[in-house]
Amino acid sequence: MAGRIESRLGELGIALPAPSTPLANYVPYVRTGNFVVVSGQLPLVDGELLHSGKLGGGVSIEQGQAAARQCLLHVLAHLRAACGGELDRLRRVVRLGGFIAAAADFTEHGQVMDGASDLAVAAFGEAGRHARSTIGVASLPRGAPVEVEGWFEIG
Amino acid sequence: MAGRIESRLGELGIALPAPSTPLANYVPYVRTGNFVVVSGQLPLVDGELLHSGKLGGGVSIEQGQAAARQCLLHVLAHLRAACGGELDRLRRVVRLGGFIAAAADFTEHGQVMDGASDLAVAAFGEAGRHARSTIGVASLPRGAPVEVEGWFEIG
Amino acid sequence: MAGRIESRLGELGIALPAPSTPLANYVPYVRTGNFVVVSGQLPLVDGELLHSGKLGGGVSIEQGQAAARQCLLHVLAHLRAACGGELDRLRRVVRLGGFIAAAADFTEHGQVMDGASDLAVAAFGEAGRHARSTIGVASLPRGAPVEVEGWFEIG
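Protein chains in written order, with my numbering: chain A, 1 to 155; chain B, 156 to 310; chain C, 311 to 465.
Heads up, some of the hints might be wrong.
Label pairs and their computed distance ranges (CB to CB) [unchecked claim]:
#1 A:A127 x C:E396: 19 to 29 Å
#2 B:G310 x A:A18: 38 to 48 Å
#3 A:R31 x C:G313: 42 to 52 Å
#4 B:G165 x C:A334: 24 to 34 Å
#5 A:I14 x B:E203: 31 to 41 Å
#6 B:G158 x C:R341: 23 to 33 Å
#7 B:G240 x A:V45: 41 to 51 Å
#8 A:T21 x C:G435: 14 to 24 Å
Residues of chain B clear of chain A, computed beta-carbon distances all greater than 12 Å [as the list claims (entries may be wrong)]:
#9 S162
#10 V192
#11 V200
#12 R297
#13 G305
No lab work stands behind these hints, which were simulated from the structure alone.
Note that beta-carbon positions come from the ideal geometry of N, C-alpha and C, so glycine has one too.
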């Protein structure tokens, strides 16, 4: 039976992807005490990047927002696995880290990362309101425009 | 009545700014257990950047240090709010993350970040001695030269 | 008497370096509760960089992997100190952060960071399997090609 959060995701028309396989020798999440730490996720759709390139260099803000949202869907897919399938065990999205592959003169990193943050708040309400740091990086694995990582408290 | 840390800040001639408003859909801090996680802060003074641009590209090391210090003032303003106004509840500055917008050939990121680290140690003494990671990024929100985030343990 | 992990490191032919001195006003690690947070480490050998420069700009993937491994050796040296010399107290490598100084068109950050991740798994087995985020940065302190930080749970 779907939980409260799953129902909310359904109402929003959001289906979480199958948990992605790490690209290398690490795991997608670690649980330690009441914390779940999810590895940085790329904006993959069926194994391919939703967009590639840089903000301020070919990728639009709207495309960047869609990429950030897609990254968070993968983060949430791993969080669900860490919760044994029960997303209702989430107590708080503690922190999201947003890495935006960006030109040296790009300034709208915050707008791009809102693609992830807005989804967190839509899905989890008050528990989805998180701390975050957003930075512009030189490049990302596979040429992705965005990577998102997350820290969560669960019950 | 001012606490011990507030008095120390006063002796240092340091006034914390009013807590800044997040640029987007997130919150300035999250408390989880005994931890406070503060979102990445920019070097704002009355809502404007103290400096803008890049280290190794127009912004001097001294300006970068002043910017890092200003970022930490905002971090501490949020920490104070997270402590219900009582900074004496701080047990330890656990980790500071320093993001320096820097040219590809810049190497003095550590010196710049000391603008924040020196303030933490001056304000909190032994409890202010922290782990940190400092990196050079391609660009930051609003064109800021420095962004600083923090993890704290409070009682 | 050497512990289990120390013996395993010996079998792998791995000697941890002497704990490095921070470049600036911070400490190499902080213990908070059951967590140890280790500051970002550079790939130093006897105080000099093993390699310098950028991935996708003069530093090969193999050199980057060796640099990432060397960074982690320093991380583990500090972890050992945080454990009072007893690495067997490690319960879990929670998260590694990998910062790769990289050209704008570099895409193999994950391969580079495997130099650190493979060592963690070789040394600690199941407890060494970690979450991680790997990003390409514009520049690093001293011109290093890689910096690695770590979060650990200890008993």
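Quick rundown of the hints versus the structure:
1. Checked against the hint of 19 to 29 Å, the C-beta distance between A127 of chain A and E396 of chain C comes to roughly 38 Å, which is inconsistent with it.
2. Under the hint 38 to 48 Å, the C-beta atoms of G310 of chain B and A18 of chain A, about 43 Å apart, fit the expected range.
3. At roughly 25 Å, the beta-carbon separation of R31 of chain A and G313 of chain C lies outside the given 42 to 52 Å, and the hint is violated.
4. The hint said 24 to 34 Å for the Cβ distance between G165 of chain B and A334 of chain C, and at roughly 26 Å that hint holds.
5. Checking the proposed 31 to 41 Å range against I14 of chain A and E203 of chain B shows it holds: the Cβ atoms sit about 38 Å from each other.
6. In this structure the supplied range 23 to 33 Å holds for G158 of chain B paired with R341 of chain C, their Cβ-Cβ distance being about 25 Å.
7. Hint check: G240 of chain B to V45 of chain A, Cβ distance near 47 Å, so the stated range 41 to 51 Å holds.
8. At about 20 Å, the beta-carbon gap between T21 of chain A and G435 of chain C stays in the expected band of 14 to 24 Å.
9. No Cβ of chain A comes within 12 Å of the Cβ of S162 of chain B; the nearest lies about 28 Å off, and the non-interface call holds.
10. Not every beta carbon of chain A lies more than 12 Å from that of V192 of chain B, the smallest distance being close to 5 Å; the non-interface claim is violated.
11. The beta carbon of V200 of chain B sits about 18 Å from the closest Cβ of chain A, which is more than 12 Å, so the claim that it is off the interface holds.
12. Distance to chain A contradicts R297 of chain B as a non-interface residue, since its nearest Cβ pair spans about 5 Å, not more than 12 Å.
13. With a minimum CB-CB distance of about 10 Å to chain A, G305 of chain B fails to clear the 12 Å threshold, and the non-interface call is violated.
Violation of the numbered hints given earlier is confined to hints 1, 3, 10, 12, 13; the remaining hints are satisfied by the structure.
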